[in-house]
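The lines below spell out each chain.
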Amino acid sequence: MYPLNTWYVAARSHEIGSTRPLGRHICNKPMAFFRQASGQVAAVEDFCPHRGAPLSLGFVQGDTLVCGYHGLAMGGDGKTASMPCQRVRGFPAIASYPVHEAHGFVWVWPGHPSQADVALIPQFEWLGNPAFGYGGGLYHIGCDYRLMIDNLMDLTHETYVHSNSIGQKEIDEAPCQTRVAGDHVITERYMEGIEAPPFWQMALRLNGLPDDRPVDRWQICHFTPPSHVMIEVGVALAGNGGYHAPDAVKAASWVVDFITPETATSMHYFWGMARRFKPTDPELTEKIREGQGKIFAEDLEMLERQQKNLSAHPERKLLMLNIDAGGVQSRKVIDRWLAAEQGVVA
Amino acid sequence: MYPLNTWYVAARSHEIGSTRPLGRHICNKPMAFFRQASGQVAAVEDFCPHRGAPLSLGFVQGDTLVCGYHGLAMGGDGKTASMPCQRVRGFPAIASYPVHEAHGFVWVWPGHPSQADVALIPQFEWLGNPAFGYGGGLYHIGCDYRLMIDNLMDLTHETYVHSNSIGQKEIDEAPCQTRVAGDHVITERYMEGIEAPPFWQMALRLNGLPDDRPVDRWQICHFTPPSHVMIEVGVALAGNGGYHAPDAVKAASWVVDFITPETATSMHYFWGMARRFKPTDPELTEKIREGQGKIFAEDLEMLERQQKNLSAHPERKLLMLNIDAGGVQSRKVIDRWLAAEQGVVA
Amino acid sequence: MYPLNTWYVAARSHEIGSTRPLGRHICNKPMAFFRQASGQVAAVEDFCPHRGAPLSLGFVQGDTLVCGYHGLAMGGDGKTASMPCQRVRGFPAIASYPVHEAHGFVWVWPGHPSQADVALIPQFEWLGNPAFGYGGGLYHIGCDYRLMIDNLMDLTHETYVHSNSIGQKEIDEAPCQTRVAGDHVITERYMEGIEAPPFWQMALRLNGLPDDRPVDRWQICHFTPPSHVMIEVGVALAGNGGYHAPDAVKAASWVVDFITPETATSMHYFWGMARRFKPTDPELTEKIREGQGKIFAEDLEMLERQQKNLSAHPERKLLMLNIDAGGVQSRKVIDRWLAAEQGVVA
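Protein chains in written order, with UniProt numbering: chain A, 1 to 346; chain B, 1 to 346; chain C, 1 to 346.
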């Protein structure tokens, strides 16, 4: 299923304002996220100990989340702070979840709180790096989060699902290679002297480069557990060293994919792009975000229908071809984590 | 769950015309209500004995409800009266339900018909009383009917759910008292010298009284089984005796709540207000009805989300605070009725 | 339930273009239909052997259906034809289904392919006959396909469900007769000297006949297994021999009903009308199609609500009156087929 003793992206910072909480299921746990007066985000079980109302329908007051039904004020630690005309000391606590906010993302640890270590939150080159411009969005998709990992670790699907934007026949035809380094899975593919597809033509133009010249193109997919897929993508004018070409003749980005299980068959998909060119141009950020949003939306129907097919036929063995190696290896890492977690629990 | 051997409000009179029946589930029983030529309302199982079609898709003819599929004419007693070109004597009967109509409401008895006694239908001061003006509506809500009883027997929720209309901080802060007299549960709260909230300011103005003067306010919730909650509410210009003040200096009403189980987790909520001022002013009735409708709609999301939380966690014990005493005592009465009913059955 | 070793109408020819496949469940089997370069329609399981994606989201290339996820090209025989950069010889096959296309309809055999014999596809007088003009449509209905057979083999429902178009009191009052000839069930009803109902008045006018004269009317319902109901309907100016009257004084048609199970409680309803007058007038075809579509849509709510009632009360015995004889006898034929099929399987 999914590891619990790990950090997941739960929200983007702007989703949690200073007065209204955010209700969201993470790993099948209903959580209410709220921003305390101190500015810190807290996460508690979305269940008022008084009468079971969802706390996410309430409002923030100081460091507490006030239930919108009868006014119980819940602390960020899951203990009732106060309630009008009530002594609350004996009230049962609800679960609270370790939260960490950094660089626009809110991370949550749905497992044993005692094991939550902020140092375990992954660092990425682009995250909080002023050399990069970032834009992104959130999709809710009705499929097992691992189908999205498969999707992203096998980009041959671009040729079919995204044939009008980033797909091109050469992806299909270029061999890809997968290697594993500890818990890190890398699948890479390089294409040389090809025509840039529409999305990359746009990126070249935006970057002040000609869009009609042959390019070298690369896709380097990095999986790190539990479910982060960062993809180095880009094109360089052909013959300048491709991936290693100087910035002046290429357009390069990280595709950002934080994949957070909601239930066994649904997920929150935080997608985005961190580009290494014109990082401080907000119009460019918006333009790319809009383009990427349309392209990434093309996967939704496929993934949800694939999930339906698999749910109807749990007995079927799927093929594991060379192009699937990235997903297969990523699932092996997840399975190791799950086994370790069950060992811990047992 | 819910008692069956009792009267519930099934419909408002105008919902059952002279030609079209009304299909409605009451206590998980599908019923077709129709108005016979005599003017009397009858209720039969919504299941044609011919081929199982819902009789509520048919039409009324004389004292029968004609099935809209093949023309079987069903009597109000659940016996087939006729069918074109058929001898119907041997047709199996379907269930019929005792019905009583009075003062604009249609009551139904979903239990053993032999025990249905019209004298058991509760009488209320305002019901059919020309000194009162009445207006109301119907909401369908996806929650156990008892969650609505809890809601109405603990009006501290007004401070939170209805903060812009009838809620105010003083409700929360004023202690309430609950007492039980046989099957009758009463929770009352009195506030003195407070500012009238917006809804009551409107009522004072409509009643020709100033809306900016301190008032005494009262809420006296009466539960009677199986699920009727009548609430005496009002404000009087402060210092005139509050609840006991003369009519000339107050605005007072009964909040009317007939709560009828549809299934274990859904209900029909017949809400209304019977006011003791300007009883014959139809514009005022409509104005109040519209205002009340908006306020009472604010409870729906809370109740349905509370139900989802409780359904997901049936093992959780909820708190029973002093403010919950009204609901707790009301549920005790219901439980007594249920136990008695099972004794009868056994 | 439903026989599998038989032909069902799966689609109308125009639903399956030359580039896009059609996904449809037939007898609870998800199928992807596609038109090969040769023009032939093929049907395969809607499940890509690579990763379980629905093939019906793909596109046609030559004689294959290309999966829209990663480009696997599936042959009409359920064997993978090719995939970019892959050796596909060892890929597991998926199911394929015998298909036959004729006169605008695509038939499919969901059972054992070895038993599929095109000679078993029924022939109807009107099918592919230039003396007839045909128009029709498709409705998806949430009920057991046998409820639609019952519906069509007992046209007394027209008096009630279709009271404004083809229904009239005389249907109800005229006795019907049912006879069985092998697997063929016939229910017929004749009415003499009656007023034509609105639909038939229109047909008379369109046929150049007066619409205000008494007519003789007939309805001859033919059931053939598994679920085809063809109904001879028409009116003739009274006293000319009714059903046997010469063409010049009558308006006569076949009502066409191909009923295809989707699941145990849903079906595809291919309805239409094959008329024996002005067969080549496309405006007339469209006018009749539109009228019939509205009339036949009136059955949907009744059938779906009937199904809900029956699903809630599987223990209830329904009545089997003389008017139900057509449906009862048709179900006996189906039951015989089902028993024979299970014998074959066992």
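Hints should not be assumed to be uniformly reliable.
Copies of the same chain are indistinguishable here, so a pair counts whether it falls within one copy or spans any two.
Derived SDA-like pairs (lysine to any residue); straight-line CA-CA distance at most 20 Å [as the list claims (entries may be wrong)]:
no., residue 1, residue 2
1, K169, H244
2, K79, W337
3, K308, G193
4, K308, A264
5, K29, I94
6, K308, T265
7, K29, I186
8, K169, E315
9, K278, A116
10, K278, Q342
11, K317, G78
12, K278, N164
13, K308, S266
14, K332, A37
15, K308, E262
16, K278, G23
17, K308, T263
18, K287, H244
19, K308, P279
20, K29, E188
21, K29, P314
Honestly, the hints are just simulated from the structure, not real lab data.
Verification of the hints:
| no. | hint | result |
| --- | --- | --- |
| 1 | K169 to H244 | neither (23 Å within a copy, 66 Å between copies) |
| 2 | K79 to W337 | neither (31 Å within a copy, 37 Å between copies) |
| 3 | K308 to G193 | neither (40 Å within a copy, 57 Å between copies) |
| 4 | K308 to A264 | both (13 Å within a copy, 18 Å between copies) |
| 5 | K29 to I94 | within (12 Å within a copy, 38 Å between copies) |
| 6 | K308 to T265 | both (9 Å within a copy, 19 Å between copies) |
| 7 | K29 to I186 | neither (31 Å within a copy, 38 Å between copies) |
| 8 | K169 to E315 | neither (33 Å within a copy, 56 Å between copies) |
| 9 | K278 to A116 | neither (36 Å within a copy, 65 Å between copies) |
| 10 | K278 to Q342 | neither (46 Å within a copy, 70 Å between copies) |
| 11 | K317 to G78 | between (44 Å within a copy, 16 Å between copies) |
| 12 | K278 to N164 | neither (25 Å within a copy, 48 Å between copies) |
| 13 | K308 to S266 | both (11 Å within a copy, 18 Å between copies) |
| 14 | K332 to A37 | neither (42 Å within a copy, 42 Å between copies) |
| 15 | K308 to E262 | both (17 Å within a copy, 16 Å between copies) |
| 16 | K278 to G23 | neither (35 Å within a copy, 45 Å between copies) |
| 17 | K308 to T263 | both (15 Å within a copy, 16 Å between copies) |
| 18 | K287 to H244 | neither (26 Å within a copy, 68 Å between copies) |
| 19 | K308 to P279 | neither (40 Å within a copy, 45 Å between copies) |
| 20 | K29 to E188 | neither (35 Å within a copy, 38 Å between copies) |
| 21 | K29 to P314 | between (24 Å within a copy, 15 Å between copies) |
Going through the hint list in order, the structure does not satisfy hints 1, 2, 3, 7, 8, 9, 10, 12, 14, 16, 18, 19, 20.
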